[in-house]
Structure formats: structure tokens, C-alpha cells
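Just need the whole structure built from these sequences, with the hints factored in.
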Amino acid sequence: MEVGPHTGDLPFAAALDAGSTGPTATSMPALTRAAGLDDLDGYSSFHDVDTSAEVDAAFRSQRRIAVAYFMLFVVVLAGVAVGTVASGWATSQGLPGGFSPSFLMTAVGLYLFFVAVGLAAASLANAVDDRMLGADSLPNPGPPGPVPLEPPGHAPS
Amino acid sequence: MDPAQLSVLAGALVASVAIVVLARLRSTRTAVDFQLAGRQMGVVTNACAICGDYVSAASFLGVAAAVYSAGLDGAWYATGFAAGFVPVLLFIATPLRRFGDRSLPDFLSRRFRSERVRLVAVIVVELIILAYLLPQAVAGGLAWQLLSDVALPGTSPYGTGIVIATVLTSVLVMVGGMRGTTWNQALQFIVLLAVLAWLVVALLSSGFSYGGALAEVSENELTTVVTAADGSERIEQVLSQLDGEPARFGEPGARYGAVGHFALVVTLVAGTAGLPHVMNRFFTSPTGRAARMTTVWVLGLVGLFYTLAVMLGTAARSVIPDRIGDDDGWLAELTVDGVLRVPEHALLSIGHLFGGSLGLSVVITGAILAIMSTTGGLLLAASASWGHDIYERHLNPRATRSEALRAGQLAVLAVAVGAALLAGLLDPVAASASTPSVIASLVTAAFGVAGCSLTPALVLGIWWKRTTAAGALTGLILGAAASLVAILASTAGAGPDWLLQTPTLVIGPIVSAVIIVVSLLTRPVEDVDEIWVRMHGSAHDRAAERIARVTLEAGLR
Chain A
1 MEVGPHTGDL PFAAALDAGS TGPTATSMPA LTRAAGLDDL DGYSSFHDVD TSAEVDAAFR
61 SQRRIAVAYF MLFVVVLAGV AVGTVASGWA TSQGLPGGFS PSFLMTAVGL YLFFVAVGLA
121 AASLANAVDD RMLGADSLPN PGPPGPVPLE PPGHAPS
Chain B
1 MDPAQLSVLA GALVASVAIV VLARLRSTRT AVDFQLAGRQ MGVVTNACAI CGDYVSAASF
61 LGVAAAVYSA GLDGAWYATG FAAGFVPVLL FIATPLRRFG DRSLPDFLSR RFRSERVRLV
121 AVIVVELIIL AYLLPQAVAG GLAWQLLSDV ALPGTSPYGT GIVIATVLTS VLVMVGGMRG
181 TTWNQALQFI VLLAVLAWLV VALLSSGFSY GGALAEVSEN ELTTVVTAAD GSERIEQVLS
241 QLDGEPARFG EPGARYGAVG HFALVVTLVA GTAGLPHVMN RFFTSPTGRA ARMTTVWVLG
301 LVGLFYTLAV MLGTAARSVI PDRIGDDDGW LAELTVDGVL RVPEHALLSI GHLFGGSLGL
361 SVVITGAILA IMSTTGGLLL AASASWGHDI YERHLNPRAT RSEALRAGQL AVLAVAVGAA
421 LLAGLLDPVA ASASTPSVIA SLVTAAFGVA GCSLTPALVL GIWWKRTTAA GALTGLILGA
481 AASLVAILAS TAGAGPDWLL QTPTLVIGPI VSAVIIVVSL LTRPVEDVDE IWVRMHGSAH
541 DRAAERIARV TLEAGLR
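These protein sequence lines are chains A and B, in that order. Going by our numbering, 38 is the number at position 38 of the first sequence; the sequence numbering is gapless. Going by our numbering, 53 is the number at position 53 of the second sequence; the sequence numbering is gapless.
Simulated from the structure, these hints should not be mistaken for laboratory data. Computed from a prediction, not measured in an experiment: that's the story for all the values here. Positions of the beta carbon are idealized from the N, C-alpha and C atoms, including for glycine. Keep in mind that a hint or two might mislead.
Distance windows between CB atoms, simulated [to be verified]:
#1 A:G94 x B:V171: 47 to 57 Å
#2 A:A53 x B:I123: 34 to 44 Å
#3 B:N220 x A:M71: 52 to 62 Å
#4 B:A332 x A:L72: 45 to 55 Å
#5 A:G88 x B:P321: 22 to 32 Å
Here are some chain B residues the structure puts well away from chain A; computed CB gaps all over 12 Å [to be verified]:
#6 L72
#7 I235
#8 T295
#9 W330
#10 I390
#11 L395
#12 L425
#13 V517
#14 E526
Here it is in C-alpha cells:
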């Protein structure tokens, strides 16, 4: 049985990767059974579920986050576009180095803004998942015992 | 053909083949492994692969070309391409992965419990794939044409490049599947980034000043090469769409009016979420959280890429007229009075100026890798649609593992050949006079269809419980049909370009409203609460993370 994460990745990618998870596909069946789970892809977790109420509450929070950051994204993007088209000042080479505010924002600034929005939204969304989901899950079943050779009657896809 | 030039391309192709062979050895030869690499792609690897998938010839050659020919308006192409991943991160990536399907039609079908939605979605997906493949094949022809005048019997060098770019890539995809394609895409993107970085370093080392060049090219009026009916060429001023005056590089209006500006950005931003080859990559992430973080990495990587591409497009406009005499006549053949005939030659010209024939071959190799990486992703998306959504689900539900694989592989070949044939009919030189970059414009058409049809159905399906199968079906059909009619009408000059070439600004909201109205009038999806728990809950993620901990603990013992 193959063990170890990242065996599907190139070595350099495995060294760089942060936060990625998952065993190889060939070890998945045995390991899902060892961890007390059924078909992972078919979502029928034996030990750990989300209730409908939990998910609805988390969903509403996630929706607020997504909409808020999307509005910020739209306002800034539209603002730069409007400034580019409507403002003579925005396209005059008034900044140090010979750039215009419009060109500098379009060629560099907006990309930095996109990354900042992405990081902030992702961090907040991850925090919502951590705090609002999984509160009713059963404790971790502990370290795995010997892996059974025969599955308990369920073959994952 | 210079042997040194050939060696760069040959080296890259040998590396690609080696990667595919390695992937084949690791493959379990299941359809899930072929289409989704076993859903085990790490965050950074997948992010690099998504960038390789997304950054096609339209980005590598086309953005610099668009900036070269239209200045600030061209730079907005790049901004629009990058901006599209913000809505993907906010609205699509995590729920899409958590629902855990194999393709966009698969997701939509299971979300709405409707096989009719699946079938219509497959048609829309295939249209988008073909529209996106076509410019890749065109770019392959252009790139080969510049590298060599060798031609296959019965074709031109342009036609030979098309065949090599599409057929070779389809063979690699058929052999390596998603795993091999992912590794190739990740490495190819890193090579593309390295090529752009090398060009920028070479420019800066020669004393180039970005701001200074921008100021210099903005002082003069923008010009373009126009070919008359008798074949003669002349330089013409580009007139601003905003005020009719001569356009300038650093000012808007060289290609778009005020509304057209917004329409372009909306089309590109909305279209990204509906691109099947990009969205399918999120199904290869192990968890929804990994898909979310992958998108953050993508924003950073594409941002860096496009920053460099815009700079190089600006540099081409500034540097080429002054350096024509330095280049042993190579540049003079591509230009008329210092202006490139074909804007897509901008990046290639910079490579030749600062690296000679070897520099040119490096850039051409980069272009071919960009073409191959995107083509590979598109062909895999086609394979998922035909092999899983059509063959396994409808034509042969009892298909064996090898039959399903074979169906997907045949789909890869058929789609590649179709795109090659269409690309062979196009004359990029004649088309470039009417568009900022013929490649970028063709890609924009694909974004238009995606943003008008798939994106509204996806966003509403993920974030509004009340969306029904009938609503989604209506939206898909209406969005695809309306956007196609608009784009085709634009080729005949049947209306304003901002509406017809970039239709999402108008058609997108209309389609969204129609989906909402039809959904309210039709029966809700059964068991939607169960769907919601799966799509917006994180139990699957927690389970996968526990598996990873178990794996690590077992490996450390």
C-alpha cells in the first residue's frame, strides 16, 4: 500500500505546496475505511456531518462575505475604468517615472488589489468554515488500527 | 531552420513527452484518473496548472499585441483576464469542488437533477471549447511561420504550425491524461513566466525606462498598417472612439468607446467563471478549501504575468522603430515604416532584438508551450464532456473502464482536428487590421458565450436555492444563442461593436433575470437542502483532511 501525501505531485511542487492534502488515489480506499469513512466522493461521512441548520447559517455568512467583497471589487474596478475614460488628469503623465495614474493602476495597481481582495476574502471564508461548521461532529476516532484486507461491503467509485 | 533555434523547441517538447510518460506510469487508468488526476492536485501545483491552462496564446502573444496596437485599451484586456478570478474565488471555486463532480455539465445536471440540463450544458461547453481552441491553432500557425519556412506537403508554414500545435498536443493528452497535462501545464507556465522575466531583464539592462517609454510613445499618434485591396500597404492613424481625434498610446479610445470599455471588462470578468477547461481544474483539488486557496495563488501568478506582458507590449511600441536597422533586416520585413504589420509579432520582435535568433526561438518556444498547455486543458474538458457526460451517461451506461477512456481519447482527437481545420481557413494578417489582436478577439468571443450562458446558471445554481432545472435550461439556451448571434452579427458590422463583440454587459443580466423568473414559475428541485449541505458544508473537507493526517501518521511510523 502506498502511503504519504503529495505523491501525485512533482517533487518541487510538493516542497512548495502549503495546505494541500490527500493521499494517492490508490491508497484512498483503504485509508477511507481506516479513518471510518465511506465513499469520500459520494459524501457519506460516517463520523462527521454538517447539519442543515449549520450549513444554512454558514451559507448566509459566506454569502455576505462574497457579496461584500464583490461590491468592493466592482466599485474599485469601475472607479478606475471611469477615471480612465472620463478624467483627463488620470491619463496625463503626472506621476514620477512618467506614468499616468490610469496606466499605473491598469498595468500594476489593479493586480495588487485583486490579490489583496482574494487573500482577505479567502481568510474570512476559511474562518467562517472553521467556526460555524463541524461543531456537532463526533471526536476523531484516533490513530488507525490494522487496515482490513476486505472492505466492509462498500467499494468507493 | 537554424539548428540552435530548433534545439530550444526540441528540448521543450522532449521534456513534455517525458512528463507525459512519467504521468502514464503513475496512472491507475481510470476515467477519474484520466480526467481529474485522482483529485489529488496540490494547491501550488494546481495554481500553476490553472495559469498554464488560462494563459494561452491570447495572453502570451495577444496581450502584448493588444497593448502594442491599442495602448491603454489593450492593457485593459489583461486587466479583464486577471479580474475574472476574483468572482471565481468568491462565488464558484469552493462550492464547485465540494459538490464533487467531473465537469460543469456534470455539476449542473446533479445540482438541478436534470439530464436535459446536462445535454444542453455539453453543447454550450463544446461551443466554448471550439471558440477557445481556434485562436490557439491560429497562434500555432503564426509561431511556426516565424520559426521556420518548412511546410507539410500541400500546406503552408502557417498550416503546418496549426497541425503541429493541435495534433501533437492531442497525442500528449491522450497518453498522459489530466495528471500529465497538469504537470506539463504547471511547468509550461513557469517557463512562460521565466521567458517574460528574461525579456524584461534584458530590456532594463539595455537602459530601457518603462515610464520614459510610455511618455515617449504617448506623445505621438497611434498608427497601424493597413493593406489595400491591391495588396499595397500604408500607415494609417488610429482614431479615438471617444472623440474622433487621433488616438494616443497612453489614453483610452484607441479601440473602444466609453461603453465598449465597460462591456469588454464585464465580458472578460464574467466569462472566466464559465470557462470549462479552467473550472474543471477545481475538481482536481482535494478539498473545497484547497480550491479556494488555489485561486488566491492564481490571482498572484496571473497578476505577475500580465504586469510583465503589458510592459513588453509598451516596450515593443517604443523600441522597434529605433532598432530596425540593428536587426539584419529581420525586423524590416515585419514592419512598414517602423510599425508591425501583425501585432502578434511584438513579443517575438523583442526576443529577436535582445537575443538574436536564439532569443527568437526562446520566445517562439514559449508561445508554442502556451498554446499546448491551453490546448491540452481544452481537449481534456472536451474529453470529460464527451467521455463522461455523453458516452458514460447516455450512449453506453454500462461502459467498461477502458471503453470510457477510449471514448474520451477519441473525443480529444476529433476536437483537435476540427479546430485545426477551422484555423486553416482564417487569414490572421487580413483580420488584424480590424481588431486589436485577432487572437485576443477570438478568445473574447469564447468569454462572451461563457459569461452569457454558463456563468449565470452556475452563480444562481450555487447561491440561490430556488433556481430550478427549467430556469437553468432556459438560461443556458438563451444565453448561448443570444451571444452567438451577437458575435456573428458583429462580423457583418450589423450593430455597435460594444454590444455585439462583448455582449455580456447586456445579455448577462437579461439571462439572469430570465433564470430567476422561470425558476419562480416552476417546481423547485427536490432535496435541495441535501444539495446545500453537500455544496456549502465542509464535512467532506474535514474528512479529506483527516485522511491526510492518517496517511501522514502511517507514513511516519
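Verification of the supplied hints:
no., hint, result
1, A:G94 x B:V171: 47 to 57 Å, "holds (54 Å)"
2, A:A53 x B:I123: 34 to 44 Å, "holds (39 Å)"
3, B:N220 x A:M71: 52 to 62 Å, "violated (40 Å)"
4, B:A332 x A:L72: 45 to 55 Å, "holds (49 Å)"
5, A:G88 x B:P321: 22 to 32 Å, "holds (27 Å)"
6, L72, "violated (6 Å)"
7, I235, "holds (24 Å)"
8, T295, "violated (7 Å)"
9, W330, "holds (28 Å)"
10, I390, "holds (19 Å)"
11, L395, "holds (20 Å)"
12, L425, "holds (35 Å)"
13, V517, "holds (21 Å)"
14, E526, "holds (15 Å)"
Of the numbered hints stated above, those contradicted by the structure are hints 3, 6, 8, listed in ascending order.
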